[in-house]
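Chains as they are written, first to last, in the working numbering: chain A, 1 to 307; chain B, 308 to 541; chain C, 542 to 835.
Derived by calculation from the structure, the hints in this document are not laboratory data.
The structure displayed is predicted, hence computed values, not measured ones.
Glycine residues also receive a C-beta, built at the ideal position from the N, C-alpha and C atoms.
Hints may be right or wrong, so weigh each one.
[Claimed, not checked] Negatives, chain C to chain B, calculated, CB over 12 Å:
no., residue
1, N636
2, P667
3, V699
[Stated by the list, open to error] Quick list of simulated restraints, FRET-style, between CB atoms:
no., chain 1, residue 1, chain 2, residue 2, range
4, C, W685, B, V426, 38 to 44 Å
5, C, P732, A, Y168, 52 to 58 Å
6, C, G675, B, R379, 44 to 50 Å
7, C, P633, A, R169, 57 to 63 Å
8, C, Q758, B, P420, 56 to 62 Å
9, C, Q758, A, Y22, 36 to 42 Å
10, C, Q758, A, L7, 26 to 32 Å
11, C, Y804, A, H228, 25 to 31 Å
12, B, V426, C, A625, 45 to 51 Å
13, A, S173, C, A625, 45 to 51 Å
14, C, W685, B, N430, 55 to 61 Å
15, C, V699, B, V426, 35 to 41 Å
16, A, L121, C, A625, 35 to 41 Å
[What the hints assert, rightly or not] Straight-line alpha carbon distances no greater than 27 Å define the calculated BS3-like cross-link-like pairs of lysine-lysine that follow:
no., chain 1, residue 1, chain 2, residue 2
17, A, K291, B, K326
18, B, K415, C, K707
19, B, K436, C, K632
If you want the building blocks of each chain, they are given just below.
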Amino acid sequence: MNRALMLVLLAVLAIAAPFYVYPILLMTVLSYVVFASSFNLLLGYAGLLCFGHAMFFGTAAYFAGWLLKNTALSIELCFLLSALSMAALGWVVGLIAARRGGIQFAMITLAISQFIYFLLLRAPFTGGEDGLQRIPRSALFGMFDVSSNLALYYVILAFSVLAILVFYRVVHSPFGEVLKAIRDNEARVESLGFIPERFKVLALTLSAGLAGLAGAMKAAAYQIATLHDVSFHISGTIIFMTLLGGLGTLTGPMVGAAMIVLLNDYLAQYGEWALIIQGAVFLVVILFFRKGVVGEIEARLKKPGRV
Amino acid sequence: MTDPLMKVENLEAWYGESKALHGMNFDVRPGELVTLIGRNGAGKSTTLRAIMGIVAKRTGSIVFDGTQLIGRRTYQIARTGIAYCPEERAIFSSLNVAENLTLPPVLKAGGIPDADLLVQFPNLQRRLKSQGTKLSGGEQQMLAIARILRTGARFLLLDEPSEGLAPVVVKDIGEQILRLKAQGFTILLVEQNLSFARKVADRHVVVENGVVVDTLDAADLAANLDRVKHYLGV
Amino acid sequence: MFDHISIQLLLGQLLIGLINGSFYAMLSLGLAIIFGLIHVVNFAHGAQYMLGAFVALLMLNHLGIPYWGALVLAPLVVGAFGYAMELTILKPLRNLDHLYSLLATYAAVLIIEGLMRLEFGSSGLPYNSPLPGGINLGFMFLPWYRGWVVVFSLVVCVATWLLIEKTKLGAYLRAANERPEIVESFGINVPLMMSLTYAFGVALAGLGGVLAAPIYQVSPSMGSNLMIVIFAVVVIGGMGSILGAILTGYLIGIVEGLTKVFYPEASNLAIFVIMIIALILRPNGLFSAPESSR
């Protein structure tokens with residue numbers, strides 16, 4: 001009852017928002033909400049810290065940008081193809097990285113993302129240091145013009161809702177339960193006859209696909225794709241968002257993503273201080289508020305009702 | 308009756324969120340060999356770990372030689388003159404036998420010199436250059452006991468030294484422990500093997516569910532054997 | 542296709558590779574020591590290397606302390622900084638999942654690099670070579686300073702390895718790597734040892750920075766790209782393997798140098814390709830002993 005009311009409220013807010021807030025900022029928020037959820041699927045539910053998640057986000061931005069510029073495909077197909085191709089990349093990365101667990105997984109994914117970074121720097125179609133610019137917004141289904149910020153916002157909103165539903169279904173499926181079990185006690189899951197490595201690879205595949213969608217949406221919103229999208233600063237930022245919002249909570253990373261996008265938008269005027277403040281806030285969260293915003297709220301709401 | 312060397316009162320201990328000891332009370336007198344007996348999971352090993360400060364949290368009182376150990380760090384506890392030999396022996400695989408043997412530093416006077424240790428544990432002499440974990444189980448157990456004798460600690464915590472060893476080796480270990488007692492060491496021994504415990508102990512402290520349920524002098528054990536066996540589940 | 546490659550070019554790139562390899566080896570050695578004992582993946586290693594270079598530069602410009610003095614003092618300063626970092630942000634996280642300490646050092650990098658950029662700008666600052674000139678070896682010209690770097694870093698690596706493998710202190714470290722609580726039960730102040738080990742690893746990074754100052758430009762971002770390469774080196778060598786880190790460091794430097802000769806476009810990529818191949822062929826690391834990879 002309460003929950004349904006909140007969802008309706010949220011829907012009304014999402015639909016009305018672009019009339020009050022700059023749509024590009026809102027689209028950035030949505031892209032990062034999807035991106036953070038994809039990351040949460042890995043770290044929060046499977047216990048895998050991917051320290052190079054920007055490789056999926058940034059590569060998808062380039063890929064979607066290239067498709068939009070050089071093919072006649074409609075925008076939704078470009079989004080889907082980006083998501084699918086990043087899922088494939090995630091599968092390959094998973095095969096390489098899932099052999100080593102824990103902290104080494106983080107280091108390996110970071111190194112692979114740097115590899116992708118250099119590849120994209122060298123690749124002929126990425127525009128090198130300048131990036132891909134003036135990415136067009138192709139028509140939806142080849143029919144509806146979505147080149148205005150307002151129209152594109154609703155397309156991205158629809159895709160974001162879809163992505164979050166997928167995320168929700170995955171973490172509440174038996175597959176999601178196995179992931180959580182692997183996170184909590186891998187040896188036990190293995191003793192039950194499961195092969196944890198396969199589940200990890202599949203989790204990375206799904207997560208990379210969602211991150212790919214997020215990157216494609218971001219490219220369409222900004223009409224530009226750059227090396228910054230692939231850099232480890234983005235990988236670090238997405239970890240920060242997830243932790244700030246609340247690791248392993250369903251909505252926490254989404255809240256964290258929205259908070260950081262808005263914070264960065266505000267801090268942009270302070271130049272170098274923006275990163276310093278981000279680092280300091282991150283440190284405080286790690287040291288004192290590891291549950292994150294949503295995690296803390298949930299813990300406080302639960303306490304009185306506990307039997 | 309002499310004053311106890313160690314007095315444990317209302318000792319409670321936790322592993323993470325779960326409570327393992329629920330108020331242990333017992334004492335150990337100077338020169339005495341006391342066993343903690345009880346079935347698996349009763350809290351015997353945890354008691355030793357709690358004395359050494361290797362548990363997440365502990366409360367109550369452990370007074371050793373006039374010093375309160377609760378609130379002290381593990382290395383500080385060791386420096387009061389207590390040495391600990393863990394159940395899994397913890398021989399270091401990256402160290403050879405000689406390095407394992409001489410790893411614990413000499414903290415105070417009264418320890419056994421290294422040369423004497425090799426006389427007392429002759430099996431180690433031939434294997435000094437071997438990797439520590441290449442030794443047989445019995446040799447590893449001897450090494451694990453031998454290395455804590457050099458520090459100068461006169462109070463030994465031994466956790467199931469007989470576990471997993473062949474009967475003939477268990478006999479050797481028993482003789483070594485009696486020898487340590489003759490050398491004046493005070494020993495708190497965790498055992499599940501009642502026949503082994505009977506041969507060496509002065510007193511038995513029976514542990515169940517994290518509390519002491521019975522304390523028996525060695526002489527009284529035979530008369531109460533059925534009751535103790537019931538506690539042990541044998 | 543190899544006809545155009547002269548022996549001069551080959552040897553020249555080999556030397557550059559060896560110099561880069563010296564830095565890789567020193568830095569990954571420090572990272573491996575830190576990981577081995579306190580299980581912290583020190584993301585700030587690159588930033589601490591950068592601090593070493595800056596401390597040397599500031600000592601020269603403001604205190605008149607020459608290179609040779611900075612070679613001793615700067616690592617001490619950076620090591621002390623590392624000690625403070627350990628006490629404030631790593632110690633409180635010691636019993637938690639290792640990912641938190643990794644993220645804490647990452648956050649520290651954002652702060653350290655940001656503050657340094659604020660103070661010194663982004664462009665590189667020069668540090669004059671304390672050993673100008675060089676020697677013509679016939680096939681190539683070898684600057685004295687570069688020769689010094691190769692020799693000195695080799696000495697540091699070997700000395701550190703001997704310290705850990707052959708001394709009593711090293712035995713404590715190796716044992717504490719396996720079972721810290723047992724070593725502590727012997728009366729050794731393991732928590733202090735952990736803090737000092739972190740400080741030592743950080744001081745090694747600082748020493749690397751001092752060595753690097755006359756070769757590369759001193760800039761706030763000089764450590765961040767290097768950092769990821771070092772991670773790859775440690776992954777290839779096997780986490781926590783001291784010898785593996787040293788050997789892999791030199792190996793990667795040389796392979797990278799050779800790639801520059803034969804296929805310059807791929808020189809940035811070579812190390813990552815090696816890492817991927819190594820992960821597929823030797824999932825536990827090239828040099829890792831089974832117990833050191835925990």
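Against the structure, the hints come out as follows:
1. N636(C), annotated as away from the interface, has a beta carbon of chain B within 12 Å; the closest lies near 8 Å.
2. Listed as a non-interface residue, P667(C) keeps its Cβ farther than 12 Å from every Cβ of chain B; the least gap is roughly 44 Å.
3. Chain B leaves V699(C) outside its interface by the beta-carbon criterion, the shortest separation being 19 Å against a cut-off of 12 Å.
4. Checked against the hint of 38 to 44 Å, the C-beta distance between W685(C) and V426(B) comes to roughly 58 Å, which is inconsistent with it.
5. The beta-carbon spacing between P732(C) and Y168(A), approximately 44 Å, falls outside the hinted interval of 52 to 58 Å.
6. Under the hint 44 to 50 Å, the C-beta atoms of G675(C) and R379(B), about 60 Å apart, miss the expected range.
7. Taking 57 to 63 Å as the suggested C-beta distance range, the pair P633(C) and R169(A) does not conform, at roughly 38 Å.
8. Under the hint 56 to 62 Å, the C-beta atoms of Q758(C) and P420(B), about 59 Å apart, fit the expected range.
9. At roughly 40 Å, the beta-carbon separation of Q758(C) and Y22(A) lies within the given 36 to 42 Å, and the hint holds.
10. A C-beta distance of roughly 55 Å is found between Q758(C) and L7(A), which places it outside the suggested range of 26 to 32 Å.
11. Judged by the Cβ atoms, the range 25 to 31 Å given for Y804(C) and H228(A) holds: they are separated by roughly 27 Å.
12. One distance hint, 45 to 51 Å for the beta-carbon pair V426(B) and A625(C), holds here, with the actual separation near 49 Å.
13. Hint check: S173(A) to A625(C), Cβ distance near 47 Å, so the stated range 45 to 51 Å holds.
14. Taken as a hint, the range 55 to 61 Å holds for the pair W685(C) and N430(B), whose Cβ atoms sit roughly 57 Å apart.
15. With their beta carbons about 38 Å apart, V699(C) and V426(B) fall inside the hinted range of 35 to 41 Å.
16. The hinted range of 35 to 41 Å is satisfied by L121(A) and A625(C), whose Cβ atoms lie roughly 37 Å apart.
17. The straight-line distance between the Cα atoms of K291(A) and K326(B) is roughly 24 Å, inside the 27 Å bound, and the hint therefore holds.
18. The hinted pair formed by K415(B) and K707(C) meets the criterion: a straight-line CA distance of about 25 Å does not exceed 27 Å.
19. Taking the CA atoms of K436(B) and K632(C), the gap is near 36 Å; set against the 27 Å cutoff, the hint is violated.
Taken one by one, the earlier hints fail for this structure at numbers 1, 4, 5, 6, 7, 10, 19, listed in ascending order.
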